[in-house]
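Visitor: Sequence:
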Amino acid sequence: MKYSQNIDKARAEAWGLSHEQAALFDFLLSYFIRATDKGDVVEFNRGAAVELEPPKVIARLTPTIRTAARVYDGAEALGKKGLIELERGRFGPFYRITDKGWQWKTIGGEQ
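Converting from the sequence shown to this note's numbering requires adding 59 to each position, the first position being numbered 1.
Hints are not guaranteed to be accurate.
Each computed DSSO-like pair below joins lysine-lysine, with the alpha-carbon atoms no more than 30 Å apart [as the list claims (entries may be wrong)]: (1) Lys-139 with Lys-97; (2) Lys-159 with Lys-97; (3) Lys-139 with Lys-164; (4) Lys-115 with Lys-68; (5) Lys-159 with Lys-140; (6) Lys-115 with Lys-97; (7) Lys-115 with Lys-139; (8) Lys-159 with Lys-68; (9) Lys-164 with Lys-68; (10) Lys-68 with Lys-140; (11) Lys-97 with Lys-164; (12) Lys-115 with Lys-164; (13) Lys-159 with Lys-139; (14) Lys-140 with Lys-115; (15) Lys-164 with Lys-140; (16) Lys-68 with Lys-139; (17) Lys-140 with Lys-97; (18) Lys-159 with Lys-115.
Read the hints as simulated data drawn from the structure, not as lab findings.
Model the full structure from these sequences, guided by the hints.
Guide: Structural data, given as structure tokens:
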């Protein structure tokens with residue numbers, strides 16, 4: 060899959076995101092949308108989630124993010140900022156986008 064990066068600098072600053080966190084979130088949002096369209100989601104009690112796969116993130120975001128630990132740390136930070144929810148599955152972490160997170164690519168939405 061091919062992804063394009065669309066970092067809204069003003070929104071990232073308003074939400075207190077570093078460049079690395081903004082890049083990670085933009086990737087996770089794009090990946091979530093594509094995975095949902097393809098049906099590559101897992102249903103949990105709180106809704107559909109997509110597997111957090113560090114190798115895919117690293118392949119797309121190198122040199123911004125180079126290790127699985129940075130992916131996990133970044134995902135935890137995004138969770139604390141209310142942009143994603145993390146769900147622990149049998150084979151690894153999954154994530155879903157929150158209502159706040161969906162505002163990332165809206166034009167003229169509230170910040």
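Visitor: Which hints from the list above does the structure break, by number from lowest to highest?
Guide: none
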